[in-house]
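Please arrange chains C, B and H on chain Z, whose structure you already have, making use of the hints.
4 protein chains.
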Amino acid sequence: MTVLGVIGYGHWGPNLVRNFMAHPEARVAYISDRDPAMRDKAALACPGVAVVADPGAIFQDPAVEAVVVSTPVRTHFPLALEALAHGKHVWVEKPLAATVAEAERLVSEADKRGLILHVDHTLAYSGAVRKLKELYEAKVLGDLYYYDSTRLNLGLFQEDVDVLWDLAVHDLAVLFHLLPVRPLAVSAQGVAHFAGRPVNTAFLTLFYPRNFIAHINASWLSPVKVRRFILAGSAKMAVYDDMEPAEKLRLYDKGIDCPVEGGPGLSLGYRTGEILSPEYSSQEPLALEVEHFLHSLAQKIPTITDGRIGLSTIRVLESATRSLALSGAPQEL
Amino acid sequence: MTVLGVIGYGHWGPNLVRNFMAHPEARVAYISDRDPAMRDKAALACPGVAVVADPGAIFQDPAVEAVVVSTPVRTHFPLALEALAHGKHVWVEKPLAATVAEAERLVSEADKRGLILHVDHTLAYSGAVRKLKELYEAKVLGDLYYYDSTRLNLGLFQEDVDVLWDLAVHDLAVLFHLLPVRPLAVSAQGVAHFAGRPVNTAFLTLFYPRNFIAHINASWLSPVKVRRFILAGSAKMAVYDDMEPAEKLRLYDKGIDCPVEGGPGLSLGYRTGEILSPEYSSQEPLALEVEHFLHSLAQKIPTITDGRIGLSTIRVLESATRSLALSGAPQEL
Amino acid sequence: MTVLGVIGYGHWGPNLVRNFMAHPEARVAYISDRDPAMRDKAALACPGVAVVADPGAIFQDPAVEAVVVSTPVRTHFPLALEALAHGKHVWVEKPLAATVAEAERLVSEADKRGLILHVDHTLAYSGAVRKLKELYEAKVLGDLYYYDSTRLNLGLFQEDVDVLWDLAVHDLAVLFHLLPVRPLAVSAQGVAHFAGRPVNTAFLTLFYPRNFIAHINASWLSPVKVRRFILAGSAKMAVYDDMEPAEKLRLYDKGIDCPVEGGPGLSLGYRTGEILSPEYSSQEPLALEVEHFLHSLAQKIPTITDGRIGLSTIRVLESATRSLALSGAPQEL
Amino acid sequence: MTVLGVIGYGHWGPNLVRNFMAHPEARVAYISDRDPAMRDKAALACPGVAVVADPGAIFQDPAVEAVVVSTPVRTHFPLALEALAHGKHVWVEKPLAATVAEAERLVSEADKRGLILHVDHTLAYSGAVRKLKELYEAKVLGDLYYYDSTRLNLGLFQEDVDVLWDLAVHDLAVLFHLLPVRPLAVSAQGVAHFAGRPVNTAFLTLFYPRNFIAHINASWLSPVKVRRFILAGSAKMAVYDDMEPAEKLRLYDKGIDCPVEGGPGLSLGYRTGEILSPEYSSQEPLALEVEHFLHSLAQKIPTITDGRIGLSTIRVLESATRSLALSGAPQEL
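Residue numbers (numbering that gives the first Met the number 0), protein chains in the order written: chain Z, 0 to 332; chain C, 0 to 332; chain B, 0 to 332; chain H, 0 to 332.
So that you can see chain Z by itself, here it is in the shape it has in the complex (with noise of 0.2 Å):
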């Protein structure tokens, strides 16, 4: 039994909280917010846990050994390491931090101490993504051309981070996570419409070894909802659709076959062949998270989305945040 205590009980932290919940190896003691409306929320929706203001009788209780931080960005980095030098095991949401600074020095800390730094990408978990990387892994896509991300819908406007930070963070982590590859370069472009506001629709060019290309449109100001990516490579190619209530994913064999190298003329031949929605786990991407982030407790190993993966998407975002400043140009990474 893990016993945990949760701090933020805003946007997800209702989520984080039922999904422990139902977990039995898992006992949520506390939950802090400063907000009282929240707290009075968590209080009748969570009749049994002890609901504080101050995280601080979360640090101070040696029952709690896993603290879960779900708060605004700039508040990652203190509380994250205020339950590290508590000896506290982390969860923290996306992004990890701030800066790549913060980010740093959280993972080194955790390294010191033996905990584990554990950022919530989602998407990782997701039963459709986790298909994708045994596809990948089993060398069904072939080689990689392109990842094409599209993130659309009005608001939530974030108030201390941009919609890179927010959004495309989502696909960065999923990048760093399926393949082993490392981008070289950034180029972003974006715009900020209402003053005093962060930068709310933007995109993102990620350039690779060997002609594979990254690209992700992220905005906070669409009247659509689209949550959709694909990967695609010579053998086949998938779409993600987050949006489709069933079949998120599709494996297309088609493609280009044969293109002549070199050569003139139309002379590439179009493969159009069949469609292919494979079976994949249906259960809730943060159950599984959840359960993953258990068992890398129980066994001391590192989460397949930790701290080193959350460091990787904040030093693509903090490039990325020079690029769009200077219209597009370049970043090296």
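Honestly, the hints are just simulated from the structure, not real lab data.
Be aware that one or more of the hints could be misleading.
Treat identical chains as interchangeable: a pair holds within one or across any two.
[To be verified] List of simulated lysine-lysine pairs, BS3-like, C-alpha gap at most 27 Å:
no., residue 1, residue 2
1, K132, K299
2, K40, K132
3, K132, K111
4, K138, K224
5, K132, K224
6, K130, K224
7, K299, K224
For clarity, every value in this text was computed on a predicted model and none was experimentally measured.
Just chains C, B and H, lined up with the frame of chain Z:
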């Protein structure tokens, strides 16, 4: 009755011929194509039309008033120039030409001789785009935030132009036709996966005054076909989806209300109102374009997608090609 | 504060418990279930609630004002009757009972004792259906032509009722709730593919006065999930699609204009106007139903889907079962 | 080279003419239409073809080997009969005729004279339906559970046949072509909302041996266009959606496994496996049907949708009309 000659009976040519033949005020007198197979196809489908290998016959025949050029891009310039030199009005498939220099020359030749130079940017003639222009001009959209377009499909790889010149050109024509604002700079990224072939997957961002931004995602290497753009304004957001059999245009009464200028906190108000799919003409866009072209000839006035619009798109494309080679380094326009 | 006991923590029970717990004016005092696994699940998720095997404790506790029955259909009648006998208000999952005789008895018992008898026809509380009722009552739809519903999915086969009693019942409740007209006769067809199991795929047609007709296509044996109905009127046609994440309701300004009464020839005029997706509340329907139930208790007024509506649906279902056994022979209502 | 005359240049006629003209082994010698506007249209589009008002010229010309009848249903019988009487092969638009008696007479006349009588059930020639037939015959679907089709759109109201004769006829042809089993009885319901006009919205159920059932929902009065059928079997379930630009056919590896015969409880096992969209020819179905018709003429063998298939569909439709008048009372076939 306008007498025409059509040069090129490949991919798009049969559509042009069919629409000109169905118009009671036009007569297709010639079809020329270098490929005997295409000539056989033309002869079967159009028993009453002279089918020739060499376009020379078209230029020489004084009865021909207008020449339609539907051939590979690199031949647009010489064929259109020769047609103008023979005093014919010209309809050229998009893009107008392969370089800014060529496009400028064609525009000045047509001007000098008082001839119509029309570029076949068919999208501008679709009922839904014309309705969108009407709505924009009636100030229904409010202040513009962004234009975001996605044009994906598998093939048809062009031989002599890359995917931006082939697909993004549609969006550039719509932007120049729809909006009075002009872009300041362009950033583009892309990749050519097959040696000796043009870039097949690319991303283009246009920077405009007053925080308006346009982005185009184009690929010939996608397993799914997508033809969609969003034009988001402060009052309404329009989504145009060409793959919808009906309801191609939707107007969302969604957005951000009363953003507190410079104020901190999550105090933006979201507006999630009704969605309207306005009625628009479902006539075939090409039929309407043919009608408009014939009318422009009769009235001796430029078409709405004339050589000047065609030249503007070429200017952007040439700069985008430079930016793409520099991994997105922005280029002023 | 209304104190409740919930009987049955199977498929739908957890949703009921969650919504009652989240309401500040309700307190779930008991959850009962015969299955120890369901009791363990309830105990984990609801630490402060008494979880019991036998519902007797709920009936006996005078503090309990209302009983929620979420059990297999054959047990609705005895449990609801016993709850009423103990002076409790009752919330029963749909369908109200297994026979017309049972449903009539429950309605008369509730009437006699001045207790609320509520049937959980959740669909009637969805924001989109409430908006549709509002539009219908404002005469926006014009004269009604037909109602056409499709409810398909794979499983969950019910043990003690067939697919019409399980799925078509949603439409019947909507029809009785939405429209003042009452059906005159019913015809139904269907088939049971597995020996000893109820009919899993069936079709039901209701005949109404003045050429209005309703049709329901229901199956537990479909590879795709569909939840959609059309309510077509002379002025507007509404389409409700529950599988759409947003825009569940669309209003089409389409139809037939000026049909020449009795005239020959193809002289009907088609009207293909704009399409509107009106704004409606996106609150969880069950949360709204809970709110409405608690309000009805406080005000001592029937809910909008009370025992009488429940009884009307059972009358149709019983006749449909007869028609189905006769390959569609119509049954008067 | 087969010489043809086409009678009727209305809604479907131009497609027939275009496809016959594009075939190198066919020559359209005549087009006849009573309407001068249609003749003008034909003359513009087909400069080399004789366009006449009276079909008599076609019957009289001994060079004409085959006559294509694309006229209102009530004229199918006299025109097809006259064509056969003149020794011509006949292609008739669906439905073959207006009554069983007429259809029987045409079949026997064609038989007597050794002429081909082809009914234009185009759906049977679509690449996706041919692939489905191939899969069915390879026993990929397993035992058949049901066929469930939905054909909805707004207009085109037919003048002389109702919506079942116009739309359900497509499904009947597919059922007779695809499956060896024959229906035992039919039940139909429907309504005519406009005085003097045929039934515009109707539902038809076919009862087959061994618990197979077929259902067709057809309407000319729907705001949305739907063209979809499910053919569910014990091993695979197929969904054919004609509105999908690609992937019209999907094969779901979903169903019920190991149903315990007669056993109680919820012990059915659900199988939710992968989904496959098989590759199939995307050639225009009508082009393929033209090819098949010409080949049948050359080989003197019946087409796959010959007069006998056409007659079978008429038998069902005539009985359905009787059932419809009796509110669904089943009629034996």
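If the cutoff is 27 Å on CA atoms, where do K40 and K132 land: within, between, both or neither? Let me know, please. neither (38 Å within a copy, 32 Å between copies)
Is the C-alpha distance from K132 to K224 at most 27 Å within one copy, between copies, in both cases, or in neither? This pair counts as both: shortest intra-copy Cα distance 25 Å, inter-copy 24 Å.
For the identical chains here, do K132 and K111 meet the 27 Å Cα criterion within one copy, between copies, both, or neither? Intra 31 Å, inter 62 Å, cutoff 27 Å: neither.
Within a copy, between copies, both or neither: which one fits K299 and K224 at a CA-CA cutoff of 27 Å? Classified as neither; 39 Å inside a copy, 42 Å across copies.
Between copies, within a copy, both or neither: which fits K132 and K299 at Cα up to 27 Å? Classified as within; 23 Å inside a copy, 56 Å across copies.
Give the relationship of K138 and K224 under a CA distance limit of 27 Å: within one copy only, between copies only, both, or neither. between (32 Å within a copy, 25 Å between copies)
Homomeric proximity label, K130 with K224: Cα distance no greater than 27 Å: Answer is both; intra-copy 24 Å and inter-copy 23 Å each pass.
In summary, the numbered hints that this structure violates are 2, 3, 7.
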